[in-house]
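The listed protein sequences correspond, in order, to chains C and U.
When we follow the working numbering, the leftmost residue of the first sequence carries the number 2, and every step to the right adds one.
When we follow the working numbering, the leftmost residue of the second sequence carries the number 2, and every step to the right adds one.
These aren't lab readings, by the way, just hints derived from the structure by calculation.
Some hints could be false.
Identical copies carry no separate label here, and so any pair may be met within one copy or between two of them.
Derived SDA-like pairs (lysine to any residue); straight-line CA-CA distance at most 20 Å [to be verified]:
#, residue 1, residue 2
1, Lys138, Phe215
2, Lys14, Met208
3, Lys228, Glu58
4, Lys256, His171
5, Lys256, Val246
6, Lys228, Glu270
7, Lys76, Glu150
Okay, here's what each chain looks like letter by letter:
Number of protein chains: 2
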Amino acid sequence: MELTKTEIIEAFKDTQDHICKSLEELDGKSKFKEDLWERSEGGGGRTRVISDGDVLEKGGVNFSAVHGPVSDLMKKQLKLEGESFLATGVSIVLHPHNPFLPIMHMNIRYFEMDNGAYWFGGGIDMTPHYVEENLAKSFHGDLKKVCDEYKNDFYSKFKKWADDYFFIPHRNETRGVGGIFYDHLTAENTGLSKEELFQFALDLGKMFPKLYSFQVNQNRNKNFDEKNIQWRNIRRGRYVEFNLVYDRGTQFGLKTGGRIESILMSLPENASWVYNFVPKAGSIEAKTTSFLVKDKKWI
Amino acid sequence: MELTKTEIIEAFKDTQDHICKSLEELDGKSKFKEDLWERSEGGGGRTRVISDGDVLEKGGVNFSAVHGPVSDLMKKQLKLEGESFLATGVSIVLHPHNPFLPIMHMNIRYFEMDNGAYWFGGGIDMTPHYVEENLAKSFHGDLKKVCDEYKNDFYSKFKKWADDYFFIPHRNETRGVGGIFYDHLTAENTGLSKEELFQFALDLGKMFPKLYSFQVNQNRNKNFDEKNIQWRNIRRGRYVEFNLVYDRGTQFGLKTGGRIESILMSLPENASWVYNFVPKAGSIEAKTTSFLVKDKKWI
Numbered sequence: 002m003e004l005t006k007t008e009i010i011e012a013f014k015d016t017q018d019h020i021c022k023s024l025e026e027l028d029g030k031s032k033f034k035e036d037l038w039e040r041s042e043g044g045g046g047r048t049r050v051i052s053d054g055d056v057l058e059k060g061g062v063n064f065s066a067v068h069g070p071v072s073d074l075m076k077k078q079l080k081l082e083g084e085s086f087l088a089t090g091v092s093i094v095l096h097p098h099n100p101f102l103p104i105m106h107m108n109i110r111y112f113e114m115d116n117g118a119y120w121f122g123g124g125i126d127m128t129p130h131y132v133e134e135n136l137a138k139s140f141h142g143d144l145k146k147v148c149d150e151y152k153n154d155f156y157s158k159f160k161k162w163a164d165d166y167f168f169i170p171h172r173n174e175t176r177g178v179g180g181i182f183y184d185h186l187t188a189e190n191t192g193l194s195k196e197e198l199f200q201f202a203l204d205l206g207k208m209f210p211k212l213y214s215f216q217v218n219q220n221r222n223k224n225f226d227e228k229n230i231q232w233r234n235i236r237r238g239r240y241v242e243f244n245l246v247y248d249r250g251t252q253f254g255l256k257t258g259g260r261i262e263s264i265l266m267s268l269p270e271n272a273s274w275v276y277n278f279v280p281k282a283g284s285i286e287a288k289t290t291s292f293l294v295k296d297k298k299w300i
Numbered sequence: 002m003e004l005t006k007t008e009i010i011e012a013f014k015d016t017q018d019h020i021c022k023s024l025e026e027l028d029g030k031s032k033f034k035e036d037l038w039e040r041s042e043g044g045g046g047r048t049r050v051i052s053d054g055d056v057l058e059k060g061g062v063n064f065s066a067v068h069g070p071v072s073d074l075m076k077k078q079l080k081l082e083g084e085s086f087l088a089t090g091v092s093i094v095l096h097p098h099n100p101f102l103p104i105m106h107m108n109i110r111y112f113e114m115d116n117g118a119y120w121f122g123g124g125i126d127m128t129p130h131y132v133e134e135n136l137a138k139s140f141h142g143d144l145k146k147v148c149d150e151y152k153n154d155f156y157s158k159f160k161k162w163a164d165d166y167f168f169i170p171h172r173n174e175t176r177g178v179g180g181i182f183y184d185h186l187t188a189e190n191t192g193l194s195k196e197e198l199f200q201f202a203l204d205l206g207k208m209f210p211k212l213y214s215f216q217v218n219q220n221r222n223k224n225f226d227e228k229n230i231q232w233r234n235i236r237r238g239r240y241v242e243f244n245l246v247y248d249r250g251t252q253f254g255l256k257t258g259g260r261i262e263s264i265l266m267s268l269p270e271n272a273s274w275v276y277n278f279v280p281k282a283g284s285i286e287a288k289t290t291s292f293l294v295k296d297k298k299w300i
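Build out the structure end to end from the sequences listed, making use of the hints.
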């Protein structure tokens, strides 16, 4: 039996449920609030946002499944052939309060055209305000493990893809320590079945709260001061720069009239721009900056 | 005697000097710090930033004069005909600390090609965190006075241009109460002489500190609380969205490798994104939102 779009949509909803539940347990204080929304051309979503938590200052875990006719803009930007489409996925960005905990992002998505074409895309990447080498290694190690269960070259290819994608050219720095990113995966170009590609996405979804909980539990009780907060907010400023200037999903959403509050839930509660801020030589801030380069081998 | 580019460049430098001096007097506490920079392909600039002032939390008053060969990107994006160019101008963004004082922006610029083509561009616009109708009217009235000295239709045309330019489509709101914006003005398309267009730019530069001082002096000592700060930071978030997503100068600078800290000096020290923040009905925040529409007649 061929995998149906309904099965994919339902499994993505379950993934959202599972992640929200796990993150609420991790946080221990705040709960997600849900907004249901509908798209006039077809479909809709469940936006869930948590704020003012013990760990999470602001976090969003969004599910959406939208469908309808392919617009001219979509034809041009996504180079789609066909008349109608379905796009469904789960998108997450978490902004913790403590500067020693990382921002973490995940997206898994499935795209299908009326002409039968389909593909999977997704990724997970981590943006510590303060990079700790052993934690970045552990993060990449866990991602590699999941990738290796599916294909030998997935990790190396998707790690490179993340380095190239999560990059801020005008700063000449990566958004964080990277992770994995992939797009347009099909049975044809991977040699895997559609079911396996789907399972890969679900495995990433299942792993996400474990990855985040591990990172959080290392430094959850670490003390911080005003200087750490300032640095956190400057790093968040870079996150805002990436998302507003380069992130393809954000750009596409802004141009095509997506639900703006769902798209921009990725932006932090506070961000800061200090003119020409240069960390002191030898500081932990300067050390973090030195890690924000492409093609660093973490494992 | 034909107006030379050297005269324009020197007058723009004087304009920067005059504005910095006036703003330091207004602020009364902080002074501008200057960074000189050079562009490898030709020219450079004087970036001046003030921070931690009595009025100004962060402000930049930049002068630049860059020249060199026309790149492929410039040919494509600016539709330039010719092989080499000169671009010079003064750019200002002021972010006050007190939420009851407005953000104000000005840009005056001159562009010249080796084939003899030239044009002027510029604008002034105001973004109050809290819109006060009488202050917006006074602002527009002063802009109209300067415009009227040059041409009857300048104010109405440039006011409309500002409404269209300083607009955030994904929020369906204007950046603030607008002002004036113009581009590609030449003797041919205005019926004025090159000298008059130049004088118009200088008059705007001369007027800028007066405009800002007037606005500041109305509310300089007004008390504010945490709620006002939160609202200010949310409005600043919108300012960041406009500048990173839509502002042509910023976009062009980011893509062509301009000096990043000079380009992004326009971003505020703190900005905030709160999921789905809706001001209470009848509040001064809600009243401000109601003013952020295109084509409002202020005078």
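Results of checking the hints against the structure:
In the homo-oligomer, the alpha carbons of Lys138 and Phe215 lie at most 20 Å apart inside one protomer (12 Å), although the nearest pairing across protomers, at 56 Å, exceeds that limit. Proximity of Lys14 and Met208 under a CA criterion of 20 Å is satisfied intra-copy only: 16 Å inside one chain copy versus 57 Å between copies. Proximity of Lys228 and Glu58 under a CA criterion of 20 Å is satisfied in both settings, with 18 Å inside one chain copy and 18 Å between copies. In this assembly of identical chains, Lys256 and His171 lie within 20 Å of each other by CA distance solely across copies; the values are 7 Å between and 22 Å within a copy.
In this assembly of identical chains, Lys256 and Val246 lie within 20 Å of each other by CA distance both inside one copy and across copies; the values are 12 Å within and 10 Å between. When the C-alpha separation of Lys228 and Glu270 is checked against a cutoff of 20 Å, the pair qualifies both within a copy, at 18 Å, and between copies, at 14 Å. For the identical chains of this complex, Lys76 and Glu150 are neighbours neither inside a copy (35 Å) nor across copies (49 Å), given an alpha-carbon limit of 20 Å.
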